[in-house]
Every structure is written in structure tokens, then in C-alpha cells.
Amino acid sequence: MSFLAKPKVAHPGLPRNELGLTVRDYEGGMSTLCAGCGHDSITAALIQAAFELSIPPHRMAKVSGIGCSSKTPAYFASASHGFNSVHGRMPSVATGANAANGELVYIGLSGDGDTLSIGLGQFCHAIRRNLNMLYLLENNGVYGLTKGQFSASADIGSKARKGDVNQQPPIDPCLLALSIGCTFVARSFSGDKAHLVPLLKAGIRHRGFALVDVISPCVTFNDHEGSTKSYQFTRQHAQAVTYADYVPPATEIRSDQAAGTVQAVTLHDGSRVLLHKVGADYDATDRTGAFDYVSRHQARGEIVTGLLFIDEAKPDMHQVQSLPDQPLNSVPYDKLNPGQKALDAIQARFR
Amino acid sequence: MSKQPRDNDFTIKIANVNGTGSASANTLLMKAFFRMGIPVAGKNYFPSNIQGLPTWYEIRASRDGYICRSGRVDVLVAMNAETYRKDLHDVAPGGYLIYDSTWPRAKQLARDDITILGVPLARLCNERFTRARERVLMKNIAYVGVLAALLDLDLAVVRALLQDSFAAKPQLLESNQAAFDLGYHYARENFSCPLPFRATAMNATGGHIMIDGNSTAALGALFAGATVVGWYPITPSTSVIDTFKRHAERLRKDPDTGRTNVAIIQAEDELAAIGMVLGASWNGARAFTSTSGPGISLMSEFLGYGYFTEIPAVLVNVQRCGPSTGMPTRTQQADIMACAYASHGDTRHVLLFPANPEEAFYLTAQAFDLAERLQTPVIVLTDLDIGMNDWMCRDLQWDPAYQPDRGKVMSREQLEKIEKFHRYLDVDQDGIPWRSLPGVHAKGAYFTRGSGHNMYGAYTEDAKEYQAVVDRLRRKWETARQYVPTPVVEQSDRHRVGIISVGSCDGAVREARARLAEAGVGANYLRVKAFPFSRQVQDFLDAHDRIYVVEQNRDAQLRSLLLLETRVDPEKLVAVLHYDGLPIVAASIVDGINQDMARGQAA
Ligand SMILES: Cc1ncc(C[n+]2csc(CCOP(=O)(O)OP(=O)(O)O)c2C)c(N)n1
Ligand code: SF4
Ligand SMILES: [Mg+2]
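Residue numbers (my numbering), protein chains in the order written: chain G, 1 to 351; chain E, 1 to 603.
Heads up, a few of these hints could be off.
What the hints assert, rightly or not - The calculated lysine-lysine pairs, modelled on DSBU-like cross-linking and capped at a C-alpha distance of 35 Å, are:
1. G:K335 to E:K464
2. G:K341 to E:K253
3. G:K335 to E:K408
4. E:K464 to G:K147
5. G:K335 to E:K420
6. E:K245 to G:K314
7. E:K476 to G:K335
8. E:K408 to E:K253
9. G:K341 to E:K417
10. G:K193 to G:K162
11. E:K253 to G:K335
12. G:K335 to G:K159
13. E:K253 to G:K193
14. E:K408 to E:K420
15. G:K335 to E:K417
16. E:K464 to E:K420
17. G:K314 to E:K253
If you are wondering where the hints come from, they were derived from the structure by calculation, not from laboratory data.
Given the structure is predicted, the values throughout are model-derived calculations rather than measurements.
From just these sequences and the hints, can you work out the full model?
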């Protein structure tokens with residue numbers, strides 16, 4: 001049997017979103033990942049976020065590379081097109097797709113191997129273009145699908161299941177993204193859905209490249225004693241610097257939400273992200289401050305989570321390219337054809 | 001070309017140093033012939049360097065209309081002391097060498113079988129012009145003046161060309177004309193002008209343009225309606241995108257919004273460039289990239305992906321000299337095999353082979369129709385000779401009735417009506433399934449994956465399901481055979497000998513056939529325009545006893561492809577190869593065929 005269709009029976013009592021859809025309408029095929037894999041929890045959070053945002057499923061496009069993590073587009077939103085590309089090259093596919101039609105919601109799924117090793121270049125350049133997409137990095141410190149080799153996010157001293165100890169310094173996707181102009185940088189944990197869902201919602205609504213690095217333990221190859229990407233280690237060392245709350249456009253902010261430790265950021269569509277700050281002096285719109293905070297806490301062995309940085313003002317790829325509002329894939333040919341007269345004028349210079 | 005130069009039948013070669021601004025002088029000279037109605041070709045042999053290395057420009061005037069490289073030099077302008085010795089050697093006996101006599105020339109650098117003419121170009125220009133850069137530049141225009149006197153070029157034509165070039169800059173017009181006159185008058189006063197062979201007005205260039213194939217490929221993409229480009233710079237393909245961009249920015253601008261109906265994205269490498277093309281095509285835009293050999297190597301993984309997942313894509317591969325980095329500014333046709341089967345697994349790609357810039361225009365445009373009709377990557381294989389040299393081509397025409405063939409794409413209405421959409425189901429029994437575009441309708445949703453999938457688009461590792469898909473892809477390949485352009489065939493029943501060739505060999509093959517015919521050797525001719533090979537290719541192979549396969553690579557790649565993909569006796573196929581990086585000449589074909597025939601007689 002090659003294809004497991006999940007039965008779609010919506011309980012009559014299930015809540016419905018603005019489109020009248022239930023959360024089941026955002027589900028996909030049955031997961032074939034290991035029971036307990038962090039990636040499945042992220043899929044569940046994504047389903048919740050898309051449902052709550054009332055995105056028409058067919059207006060989303062799911063793109064991924066190769067890896068256990070990159071398989072996850074098959075496990076949600078079966079009414080969306082999916083593009084499971086080649087290893088490490090999803091950003092370029094997303095770039096082309098986005099150039100052809102910027103009206104869809106692009107959700108990219110990748111792993112730490114897919115993003116930080118083979119795909120590091122494409123990841124960086126998609127950030128530099130400020131491609132409008134949600135980029136979910138399902139980070140487990142290993143190559144799950146090829147059976148547990150260290151990835152480039154493995155910490156120094158982290159122990160592999162078979163006993164090897166990683167000696168090479170890790171690439172931190174959030175610090176890297178901050179340093180090359182990323183306009184939305186967040187980190188979360190697959191084991192904390194309440195923390196993750198609002199970040200995903202904000203990331204989807206952000207105009208530009210939204211990186212959400214999610215620590216997502218690999219129960220089969222990297223969840224043992226001595227691993228720094230295990231459930232236990234992450235629970236013990238994760239330190240939220242902000243808790244995000246996504247507020248749709250035209251929604252009143254309750255007074256208790258607007259207290260002194262809350263930073264509100266308005267997104268381009270009028271929605272807002274309320275950031276409940278643990279440290280009152282943390283400013284999520286200060287790039288160097290964020291970089292400094294994360295690196296300092298990292299040095300102490302903490303995993304800083306939350307919306308670390310946001311810049312809603314920077315133009316995205318469409319704005320930089322000055323692309324028309326009408327998606328390029330639907331501009332009628334008559335508008336694209338310069339015609340014989342123009343061709344004659346061009347040829348006049350070649351005589 | 002006859003053995004001796006004649007009026008309107010000679011080759012001029014200019015040896016220079018790159019970065020000295022000789023390009024506009026050389027173009028001026030070439031266009032003067034063209035405007036005098038004389039068939040002409042310009043070939044640029046330039047270094048992979050920005051400044052200071054040797055560069056040559058060759059102009060062949062051919063009253064018989066042979067616009068391939070002639071392989072001989074009748075007049076050489078030696079502006080580069082570094083290459084003087086070699087240049088001197090290149091002049092055909094009875095020919096002429098012009099050098100800058102401002103400085104004394106070593107005595108031993110002489111030949112008694114040619115005429116050497118000294119012109120103090122630097123001195124003349126230093127006396128007339130003051131600025132350093134101007135002095136360097138104007139030497140080039142001055143040698144054009146010398147050649148104009150020696151070859152009796154029409155002065156009114158030269159004047160008009162200068163006026164066209166400098167319409168907006170009157171001072172430049174004046175200084176260029178002055179430099180031209182310096183050379184012209186010096187030659188008239190000091191040499192017996194014109195030479196025994198010269199230019200005389202003809203009427204053979206009307207309805208033609210002088211254009212390079214990178215420009216025309218770009219125009220083909222523009223007129224076909226391409227809207228997304230992902231690319232990474234590489235010689236000799238870069239000017240495809242430069243030209244596309246220049247025209248698109250002007251011609252695709254929406255007058256109402258000021259925005260441009262095109263996205264041209266400079267990628268971080270060729271892997272990303274082709275990824276962008278696939279993403280955009282998957283999403284329903286016409287997208288393309290342009291590259292050269294090293295780029296094709298990098299794109300291979302994605303090309304296999306595009307083949308297996310059936311996503312249209314158009315690539316223009318302007319071939320250069322390999323292997324590896326090779327000689328980036330020299331020409332070859334050595335990517336035929338790499339492109340035909342690019343990527344691992346049972347992968348094969350539709351290839352188109354233009355012979356000249358005119359065909360590069362039409363075939364690049366057609367590539368988009370084929371890619372979308374067949375839902376697969378299509379590679380247009382030009383080469384540096386076609387792409388970067390100026391060729392005399394018939395005027396380009398764009399059919400006003402043209403509408404893109406978008407292939408089998410489910411509309412919203414169709415999706416609404418059907419029970420269930422299956423991406424890879426062969427509903428029409430032609431091997432081509434229907435596709436749907438993202439964002440159109442929930443019923444159209446499917447999962448594009450390079451991993452094993454069944455005819456419904458679902459993941460599979462099932463032996464039968466997998467095989468059904470790859471077998472259907474093979475049936476699609478047979479369908480492709482009917483869609484691709486058929487070969488050009490010129491044959492008569494009298495001949496048992498044939499020539500098969502490809503792309504930019506065409507001009508040299510034509511000249512070779514004429515020369516062979518003069519010697520009483522008749523040969524039929526087939527030029528392939530596409531892979532997969534059409535039925536006519538098999539017919540031609542069947543109809544001849546001996547077939548010369550003429551191509552520009554060491555390993556006889558077209559011949560290999562014919563052996564693999566047709567039923568032909570290998571003994572019948574004789575490789576005639578030219579692969580030194582310079583464009584092929586008729587002589588190498590004539591010699592190759594004569595040698596083989598002599599061997600046949602000896603045996
Ligand atoms: C070009 C190429 N090289 C190697 C592989 C093999 N491969 C498949 S998945 C993978 C690593 C995936 O690791 P990661 O992105 O962290 O995903 P995870 O499985 O951990 O979720 C590798 C090396 C491949 N598919 N393609
Ligand atoms: S191997 Fe690891 S990453 Fe892959 S599915 Fe299993 S738990 Fe998840
Ligand atoms: Mg991983």
C-alpha cells in the first residue's frame with residue numbers, strides 16, 4: 001500500500017473558521033514518520049495555524065527539500081499543491097514559484113541537513129532576496145533520513161547515539177539569518193505547541209522571509225542522554241525571551257495584553273504581533289541587540305526561543321523587482337507579445 | 001571560396017589586444033560590406049580576459065554567400081606586437097599584411113610571398129588627437145580607413161554608418177570621421193589602391209540583418225511570452241539574458257502601472273537558476289534560463305527532476321569548449337551527450353539545434369511550446385559561434401496569429417466538473433498527462449515529487465506502479481518525436497553518400513558540398529534539428545551506403561547518439577570532426593571525406 005488517505009469525517013461539533021472549514025480540512029495524508037518524531041508535532045501546529053488564519057487550502061503552496069522533515073508537506077493540507085524538490089534546493093523552487101504568482105501563501109519545510117549543509121547557499125540567498133514565505137526549519141541536529149549522522153546544527157560535545165562526539169562548531173540558523181538581513185527570525189520547540197502556533201501565524205502573515213527554527217527531536221537517532229537536541233535537553237535549556245500572540249486585523253487589544261512588558265508590531269495587512277517579553281528590555285526590532293542577546297545566552301548553554309527579530313518595513317522580492325500586482329502566470333499573452341512592429345524596430349539596428 | 005581572393009571573395013583578419021576598443025571599428029568595417037550588399041560574416045576570437053590579451057576579428061566577404069569561417073587570411077591587420085610573428089605566418093601567399101610603422105619592425109619578421117604595408121597609425125593619431133584613450137581608440141578607426149582605401153569601400157556607406165553610430169554625439173562623429181580619413185588618405189597617397197581584389201556593390205543582403213544568436217535567442221524567449229528568468233552569468237551565454245533584460249524592460253513595461261511584466265532573477269548559482277525555472281513553470285509561468293557547459297553540469301540533478309515530475313522548462317545552452325572550464329571563449333558542440341541524458345537514472349531530454357541566429361530565434365520560441373506541450377525540460381543547444389558572432393540572417397518575422405501552446409493544463413472549470421484529478425494518468429493515450437496549477441482549485445491539488453510515484457501522483461515503491469510511470473514516460477518520448485521540428489534534408493536519388501550534421505556546422509557543410517560537387521563528388525545532406533530524432537533521420541540513414549557525420553567535438557557525440565537511438569550499421573557512419581575551438585571550416589570537411597574515400601579505394 002503506497003498511499004494512506006486519512007478518512008475526513010468532521011465531527012459536527014468541531015469549530016469552524018471564517019471560511020466555514022474545520023481543522024480537518026487542513027489535514028493531509030497519514031504521516032509515515034517514526035512515532036513521537038518532533039516533525040509530526042510541527043505539522044500539527046501548522047495545521048492549526050492555517051486553520052486559525054482561515055487560509056483557503058488551495059491558496060497555499062507547500063515546498064520542501066529532502067529529508068524526514070521535507071516529507072511533511074504530504075501530511076497536511078491535501079487540498080494544497082506540494083513540491084517536494086531535491087536536497088537543499090527548495091528555496092530556489094520557492095523563488096521561481098513566488099515570482100510566477102506572489103498571491104499564494106508559500107510554506108517551506110526543511111531540515112537542518114537540508115538547510116545548513118547542502119542547502120546553505122540557497123537558504124542564505126532566499127533570505128537576501130527577502131522572499132515572501134514561511135520557512136520552517138525542523139531542526140534535530142542529525143540527518144534523520146540517512147540514519148543519524150551529525151548535521152551542521154549539532155552542538156560541540158553533543159553525543160551521537162552510537163557514542164561519537166561532535167567536535168565541529170554548529171551553524172546557528174537564527175544568528176546566521178540575523179546577520180544576513182532576515183526580516184523575521186524566530187525559534188521554537190516542537191514540544192511547545194502553544195508557543196509555536198502564534199509564531200507560525202505571524203510568520204505566514206509577515207511580508208518577507210520568515211524563518212522559524214524549530215527544535216524538533218529525532219526520537220530514533222538523537223533523543224538520548226548526551227544529545228543537545230533531545231526533548232529532555234531542550235525542555236531544560238529552552239528560555240523564551242518572548243511569547244508571541246497573533247492578533248488578526250481589526251481586533252481590539254485587551255488591556256491586559258497591552259501591559260508594560262508587551263511589544264506590539266503591526267504587520268503590513270494590519271494584523272499585529274504582541275510580544276510578551278520575559279526580559280522587559282528586549283527589543284525585537286533591534287537586529288544587533290537580538291544578535292547579541294541570543295549569542296550571549298547561547299554561550300551560557302541556553303536555547304533562546306520566541307520571536308527574536310522582526311522588520312516589517314523592508315521590501316520583499318516582489319517590491320524590489322517591481323513586479324506587477326497581477327501574477328505573471330496569468331498575464332495574457334497579448335500583453336507579453338511586443339509584436340512585429342517592435343521586432344522591426346529592433347532589427348533596424350542590425351543592418 | 002576560390003583558391004585566390006577575388007572581388008567580394010576574401011577574408012580580412014585584424015589582430016589586436018583586448019580592451020583597446022576595437023569592437024566598434026571592426027563592426028563598422030563588417031557593416032560596410034553588408035550595406036554594400038555583399039554577403040559577409042564577422043567572427044570574433046577573443047580571450048577569456050578583460051584587458052591586455054590577444055584578440056582577433058575576422059571578416060569574410062563572400063559573393064557566393066558562404067558565411068562560415070573561410071580558414072584563410074588575405075589581408076591581415078597586425079595591431080598586436082605580441083602575436084605579430086604568428087599573424088605574419090597566417091597570411092595566405094599573395095596576401096597583404098598591414099602593420100603600424102610608427103615603430104621600426106625587426107627585419108627577420110618578413111615574408112617574400114606577401115606584401116607588407118606599413119602605416120604609422122600611432123603617429124598619425126598622436127598628431128591629430130590629444131587625449132590618451134582617444135589616441136588608442138582612433139588607431140582602430142584609422143585602420144578601417146586604410147582598408148577602405150585598399151578595398152575600395154563605398155565612402156558614403158561608411159559615412160552613413162558613422163552617422164548612425166554617433167547620431168547623439170556629434171563630437172565623436174567628427175573625431176571618428178577624422179581618424180578614418182587619416183588612414184584613408186595615407187593609404188591613397190602611399191599605396192596603389194585598390195588591391196587586385198576589392199569590394200564592389202552587390203545586391204545580396206536586402207531583407208537580411210547582421211545579428212548574433214544570443215540576441216535572437218533572447219528575442220525568441222521574449223516573443224514566446226517568457227515571464228520568469230533565473231540565471232547565473234557564464235560566458236558565452238550571458239548576453240542572452242542581458243539582451244532579454246534590455247528589451248523586456250522597455251517592451252514589457254505596463255504603461256498604466258509602470259511595472260514590468262517580467263521577473264529576471266540573478267541566481268546564486270546554476271542549481272538555483274534551474275530551480276527557479278522549475279518553480280515558476282510548475283506555477284504556470286513561461287520560464288527559462290541560459291547557460292553554458294559548466295552550468296549544465298550543475299543543473300543536472302534538477303533536469304532529471306523536471307523530466308520525472310514532468311515540469312516544463314526551457315534552457316538555452318550556448319556551448320563552449322570543454323571539458324571542465326575548457327576554453328570559455330572558444331566554440332564547440334561538445335555538450336550533445338551531456339544534454340541528451342543529463343542527470344542520473346533513465347533520463348532523456350528534448351534538444352533543439354539551431355544552425356544560426358535566425359533559427360535560434362524561432363527554435364527558442366518553439367522550445368516554450370514544446371516544453372509545455374510535452375511537460376518536460378527542453379534544451380536549445382547553440383554555441384559560441386552562433387551566440388556571439390554576427391551572422392547574416394533573413395529578417396525575423398513574428399506570426400501575428402501566434403498563440404502559445406500551453407499544453408494540457410486543467411482550467412478551473414474543468415477541475416470543477418471532473419470527479420477526481422490524477423496528475424500522471426495517461427487519459428489521452430499519448431503519454432502526456434494533464435497538469436493543474438497551484439492556487440486554481442482544491443480539486444487540482446497534487447504532490448510533485450521526484451521520488452517514486454504512481455499514475456495517480458501518490459508515493460510508491462511498488463514495482464508495477466513505478467514501472468507503469470517510467471514506461472509511460474517512454475511513450476511520451478515517442479509522442480515527442482512527432483512534435484519536434486523535422487530535419488532539413490537536401491537530397492537527390494543519384495547519390496549514395498550522405499552527410500549528417502548539426503547546428504553551426506551548416507555553413508561549412510554547404511560550402512564543402514559545393515566544393516565536393518565541383519570535384520565530381522555528390523553527397524546528400526541531412527541536418528538534424530532536434531532530439532528525439534524524427535522518422536526522416538532513420539529514412540536518411542537507411543537510404544545511404546556511407547554517411548559522414550560532421551560535428552564539432554572530439555568524441556563524435558552526434559554519431560554516438562545516432563548509433564544509440566536509431567537502427568544503423570556503425571560501419572556506415574564515418575565521423576568527420578573539428579574540435580580545436582575555432583568555428584569549423586569547409587576544408588576540414590572536404591579533407592575528411594576525401595581521406596575516407598581514398599582509404600575506401602585503397603582497400
Ligand atoms: C543530492 C543528495 N545527496 C544526498 C541525499 C541523501 N539524503 C537524504 S535526506 C538527507 C539528510 C536530511 O537531513 P535533514 O535535512 O536534517 O532532515 P531530517 O531527516 O533530519 O528531518 C540526505 C543526506 C539526497 N537525497 N540527495
Ligand atoms: S528518523 Fe528521526 S527525523 Fe526521521 S522520522 Fe524518525 S524520528 Fe523523525
Ligand atoms: Mg535533521
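Now the hints, each set against the structure:
1. G:K335 to E:K464: violated, 46 Å
2. G:K341 to E:K253: holds, 16 Å
3. G:K335 to E:K408: holds, 22 Å
4. E:K464 to G:K147: Holds, because 28 Å separates the two Cα atoms, which is no more than 35 Å.
5. G:K335 to E:K420: It holds: about 34 Å lies between the C-alpha atoms, which stays within 35 Å.
6. E:K245 to G:K314: holds, 25 Å
7. E:K476 to G:K335: At roughly 32 Å apart (the allowed maximum being 35 Å), G:K335 and E:K476 satisfy the hint.
8. E:K408 to E:K253: Since the Cα atoms of E:K408 and E:K253 sit roughly 29 Å apart, the hinted pair holds (cutoff 35 Å).
9. G:K341 to E:K417: Violated - the C-alpha atoms of E:K417 and G:K341 are around 42 Å apart, more than 35 Å.
10. G:K193 to G:K162: holds, 30 Å
11. E:K253 to G:K335: The hint holds at about 9 Å.
12. G:K335 to G:K159: The given pair, whose Cα atoms are some 60 Å apart, is violated under the 35 Å limit.
13. E:K253 to G:K193: Since the Cα atoms of E:K253 and G:K193 sit roughly 46 Å apart, the hinted pair is violated (cutoff 35 Å).
14. E:K408 to E:K420: holds, 16 Å
15. G:K335 to E:K417: OK: G:K335 and E:K417 at ~30 Å, within 35 Å.
16. E:K464 to E:K420: This hinted pair holds, its Cα atoms lying about 22 Å apart.
17. G:K314 to E:K253: holds, 24 Å
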